[in-house]
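Asker: These protein sequence lines are chains Y and G, in that order. Position 231 of the first sequence, counted from 1, bears residue number 231 in the working numbering, the numbering being contiguous throughout. Position 41 of the second sequence, counted from 1, bears residue number 41 in the working numbering, the numbering being contiguous throughout.
Keep in mind that the hints were calculated from the coordinates and are not lab data. Just to be clear, a hint being listed does not mean it is correct.
Claimed, not checked - Heads up, incomplete: computed chain Y residues facing chain G, CB under 7 Å, no partners named:
| hint | residue |
| --- | --- |
| 1 | Val18 |
| 2 | Phe139 |
| 3 | Pro143 |
| 4 | Phe149 |
| 5 | Val273 |
| 6 | Ile276 |
| 7 | Leu296 |
What the hints assert, rightly or not - Footprint (simulated), chain G over chain Y, 3 or more residues, beta carbon under 8 Å:
| hint | stretch |
| --- | --- |
| 8 | 26-33 |
| 9 | 256-262 |
| 10 | 282-291 |
Where a beta carbon is used, it is the ideal one built from N, C-alpha and C, also for glycine.
Chain residues, written in single-letter form:
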Amino acid sequence: MLKYVIKRILLMILTFIVIMTMCFVLIKMLPLPAVKEQGRDVQLVLQRREAMGYNKPIMTQYYLYWRHILLAGDFGVGEQMYVGQEVTKIMLTKIPYSIVVNLYSILIAIPIGLLLGIYAALKKNKWQDHFISTLVMLFYSVPSYVYAFLVQYILCFKTGWFPLTAASREVAGFFSWTMFRSMVPAVISLAFGTVAGLTRFTRAELSEVLTGDYLLLARTKGLTRNQAITRHAMRNAMVPILPMILGEFIGILGGSLIIENIFSIPGIGNLYVTSITVRDYNFFMADTFFYTLLGLVAGLVVDLSYGFIDPRIKMGQR
Amino acid sequence: MADKRINLENIPKEKFALAGENRRITDTKFETKPVGYFKDAFNRFKKNKSSLVAAIIILLLFLFALIVPFFSNYNVTFRDGYYKMLLPKSKLFSFLGWDGCSWYTVSQAGYDSYSAIGYEYGGSAVRKTSEPMVEEGTGKTYYKIYLDSYEKVGFAYVDLTEDEFIALKDYQNSTGIQVCYPIPENYKMSYQSVANGANLWYKLADTSNTTTGAALRHDENGMPIFENNYIIKDNPTYGRYDSLRIPGDDGGKNGKSWYVYSIKNQTGYRVRVLYSEYYKYKNGFEANHLFGTNQHGQDIFVCLAMGARLSFILAISVSIINFIIGVSYGSVEGYYGGLVDLIMERISDILSSVPFIVVATLFQLHLANRVGAVPSLLFAFVLTGWIGIASRVRTQFYRFKNSEYVLAARTLGARDSRLIFRHVLPNSLGTIITGTVLIIPGVIFSESMLTYLGIVNLETSGLTSIGTMLSNGQAYLSTFPHIIMFPAVFISLLEISFNLFGNGLRDAFNPSLRGAEE
Numbered sequence: 001m002l003k004y005v006i007k008r009i010l011l012m013i014l015t016f017i018v019i020m021t022m023c024f025v026l027i028k029m030l031p032l033p034a035v036k037e038q039g040r041d042v043q044l045v046l047q048r049r050e051a052m053g054y055n056k057p058i059m060t061q062y063y064l065y066w067r068h069i070l071l072a073g074d075f076g077v078g079e080q081m082y083v084g085q086e087v088t089k090i091m092l093t094k095i096p097y098s099i100v101v102n103l104y105s106i107l108i109a110i111p112i113g114l115l116l117g118i119y120a121a122l123k124k125n126k127w128q129d130h131f132i133s134t135l136v137m138l139f140y141s142v143p144s145y146v147y148a149f150l151v152q153y154i155l156c157f158k159t160g161w162f163p164l165t166a167a168s169r170e171v172a173g174f175f176s177w178t179m180f181r182s183m184v185p186a187v188i189s190l191a192f193g194t195v196a197g198l199t200r201f202t203r204a205e206l207s208e209v210l211t212g213d214y215l216l217l218a219r220t221k222g223l224t225r226n227q228a229i230t231r232h233a234m235r236n237a238m239v240p241i242l243p244m245i246l247g248e249f250i251g252i253l254g255g256s257l258i259i260e261n262i263f264s265i266p267g268i269g270n271l272y273v274t275s276i277t278v279r280d281y282n283f284f285m286a287d288t289f290f291y292t293l294l295g296l297v298a299g300l301v302v303d304l305s306y307g308f309i310d311p312r313i314k315m316g317q318r
Numbered sequence: 001m002a003d004k005r006i007n008l009e010n011i012p013k014e015k016f017a018l019a020g021e022n023r024r025i026t027d028t029k030f031e032t033k034p035v036g037y038f039k040d041a042f043n044r045f046k047k048n049k050s051s052l053v054a055a056i057i058i059l060l061l062f063l064f065a066l067i068v069p070f071f072s073n074y075n076v077t078f079r080d081g082y083y084k085m086l087l088p089k090s091k092l093f094s095f096l097g098w099d100g101c102s103w104y105t106v107s108q109a110g111y112d113s114y115s116a117i118g119y120e121y122g123g124s125a126v127r128k129t130s131e132p133m134v135e136e137g138t139g140k141t142y143y144k145i146y147l148d149s150y151e152k153v154g155f156a157y158v159d160l161t162e163d164e165f166i167a168l169k170d171y172q173n174s175t176g177i178q179v180c181y182p183i184p185e186n187y188k189m190s191y192q193s194v195a196n197g198a199n200l201w202y203k204l205a206d207t208s209n210t211t212t213g214a215a216l217r218h219d220e221n222g223m224p225i226f227e228n229n230y231i232i233k234d235n236p237t238y239g240r241y242d243s244l245r246i247p248g249d250d251g252g253k254n255g256k257s258w259y260v261y262s263i264k265n266q267t268g269y270r271v272r273v274l275y276s277e278y279y280k281y282k283n284g285f286e287a288n289h290l291f292g293t294n295q296h297g298q299d300i301f302v303c304l305a306m307g308a309r310l311s312f313i314l315a316i317s318v319s320i321i322n323f324i325i326g327v328s329y330g331s332v333e334g335y336y337g338g339l340v341d342l343i344m345e346r347i348s349d350i351l352s353s354v355p356f357i358v359v360a361t362l363f364q365l366h367l368a369n370r371v372g373a374v375p376s377l378l379f380a381f382v383l384t385g386w387i388g389i390a391s392r393v394r395t396q397f398y399r400f401k402n403s404e405y406v407l408a409a410r411t412l413g414a415r416d417s418r419l420i421f422r423h424v425l426p427n428s429l430g431t432i433i434t435g436t437v438l439i440i441p442g443v444i445f446s447e448s449m450l451t452y453l454g455i456v457n458l459e460t461s462g463l464t465s466i467g468t469m470l471s472n473g474q475a476y477l478s479t480f481p482h483i484i485m486f487p488a489v490f491i492s493l494l495e496i497s498f499n500l501f502g503n504g505l506r507d508a509f510n511p512s513l514r515g516a517e518e
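When you get a sec, could you build the whole thing from the sequences and use the hints?
Answerer: Have a look at this one:
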């Protein structure tokens, strides 16, 4: 078990380094943005670039890049946006927004999704199941931005119940009522997709478990249907569902590119999109670093969690 | 007794006769027709009503994308400076409220200004009017009017060169349609400072007011008096003025004075035109936007078709390429196994760990200038898109490669390629086809997301995509929701249909998986 975990972590690190190296080389192959475009003191910009080692050979730069990250968590400074400010600091101010929005959304979505999925599975092939499955199919297929637009149009414009953009941290704390209220439209839009995915998954898993022979045995030995479902079916159905929920929780760090953009939430996803559109390579690299790491860690944790949740699953065996 | 007994051991040869000597013994022919793998799947697919409907919707959307650009008067590069944000209008279904009009609440001044537009040429921009509502407290009057978004553009000043001006005059003379209208006295004031300047042709009570609501004269009952205010000159060729006169419309009081229809400037002439007629003259057809126009004056109907076309082309090419790469990669991986599998699996692991947005961005940064935005987007989709199919194929190979019939074929001397393509791969064809089809909605969604976020910009290459249309419309979500509604509905319909279709395919190819998710 331990051996397997270590092997997986080492492989993850290897994958991560390969990806970052590719990105670094590809980004460094691009010409730097013209100094004139920066519209500031040309000399100053050139000096800063010199000081940051932009004129050194690419291998040296690569070495320096990793050294700065590993020793100081330093990803450089903004070139096109937040000019001269430290990338790490800016990113750390953005992450909480993403976390707050996503946290609310999954806290709402998980109970709803689980309940709907369980209900649909128990009523399989009855009209309740068909109704829920059709709705899930709709919400699963319709792109997230479409219901984001709908939510924005109805809740922000037509009824005016909620403000159009997220409150800033200067005005209100992250867990204050003002902040929550300003984020409700985004939270709802995000929750749709999660609810749909979770309902679908739960329904599929539970209805598969419900056909198992041991459930028949449980009924035969005298358990009521409810007892059999809660004590036997649910616990087995949860084996694949829990890792999925765990993955969702890790994913809250990453925010959502498109929802943050639509509702102008100054989160990490929004920062990423801006860094791409204005071509700020330092921010782009830092964000890529963050996202890639997040994806890899989430995948690893989800995979390993199977072994912890269900001891019958032996890790690393085929 | 003994005579009657037959000696069974020595039956004479003559006693034997061949049974059915002249009958040919063959297998009886099947009464039914043979049902092949695909035929079987198709039969099952036909029974699935929702998937069948989805397939028909996909076909219709596809035909829409294919055909509309050929028969439309417009194209993506068509932009109009005045017919912006027009509402959807269909001549055929105008009774359903699809008539390019909408309700506005306007003040008295706004009401006067809008009704004055139609008054001059005998049309009407205001289709219906509610009773005036008087606001308590301020005593101001408001109207609810049903305003035609096409007619409300009204008049415009356009600058023409000498040749264009003469051509326009010829057009007027030959067809008898009046395009140019007299220029009003308040031309200077209104052209420079009033938004709808060319529509202020009547006398104002208060010319100092420079907003659209510049006060009009009213009679005792509060009804507007439309009194024309045109520039009249005695001599048509007087000074720097050059006028065009339509026969029968001399405007003169004494037969000597004329309305001024154009004003000469350094580059040519400035004329005041009725925009709907000028549009017809300029473009050769009447303005009619089935889905309205956006803030650039582009026709949403044709943009949507072109955007859908791009999405379809991209998605279908990506799925075909991914199919080819995925099948070859997965087969090699799964068939040979061992070290080959280990190395290839690591490669695909690494590739699949790169966030898609990073791939798309890097391809855009590096390749978009060299090969264009669309091909680089295609490469980005292909780079990581085949992994799903490859892993499906690999799993199938692991399942079948050691089965008895493969062993038998190998014993009979079949080569590797024959084993792969003739014996193992056809078994997994159903899963692979389903996987390939389900790539399409994913690609369409990702493409629209990238163009929506502005990470991929297609507009520079004279193209448009659904994502671009969505981002165009987002700023006008509260005021002109139709700009965003049509692309959003289109893409939702497409995604739902493709998912239903894919599910139907999966059920048809693998009946044992029916109803299961993934």
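Asker: Let me know if the C-beta of Val273/Y comes in closer than 7 Å to any C-beta of chain G, holds or violated.
Answerer: holds (5 Å)
Asker: The hint names Phe139/Y as touching chain G; please verify it with the least Cβ-Cβ distance against 7 Å.
Answerer: This hint is violated: Phe139/Y lies away from chain G, its Cβ roughly 10 Å from the closest one there, beyond 7 Å.
Asker: Given Pro143/Y as an interface hint, is the shortest Cβ-Cβ distance to chain G below 7 Å?
Answerer: Since chain G brings a Cβ to about 5 Å from Pro143/Y, closer than 7 Å, the hint holds.
Asker: Against chain G, with CB atoms and a cut of 7 Å, does the hint on Leu296/Y hold up?
Answerer: Holds - the Cβ of Leu296/Y comes within 7 Å of chain G, reaching about 6 Å at its closest.
Asker: Can the stretch 282-291 of chain Y be counted as covered by chain G under the rule of three residues or more with Cβ-Cβ separation shorter than 8 Å?
Answerer: Result for this restraint: holds, n = 3.
Asker: Against chain G, does the stretch 26-33 of chain Y show at least 3 residues with beta-carbon separation below 8 Å?
Answerer: Held - the stretch 26-33 of chain Y has 4 residues with a Cβ nearer than 8 Å to chain G, which meets the minimum of three.
Asker: Does the CB of Phe149/Y sit less than 7 Å away from some CB of chain G?
Answerer: Result: holds, 6 Å to nearest chain G Cβ.
Asker: Quick check on the hint: Val18/Y CB to chain G CB, less than 7 Å?
Answerer: holds (5 Å)
Asker: Taking a Cβ-to-Cβ distance below 8 Å as contact, does the stretch 256-262 of chain Y have at least three residues touching chain G?
Answerer: holds (count 4)
Asker: With a cut-off of 7 Å on the beta carbons, see whether Ile276/Y makes it to chain G.
Answerer: Hint holds; Ile276/Y Cβ to chain G Cβ min 5 Å, cut 7 Å.
This entry does not satisfy hint 2, going by the numbered hints stated previously; all others are met.
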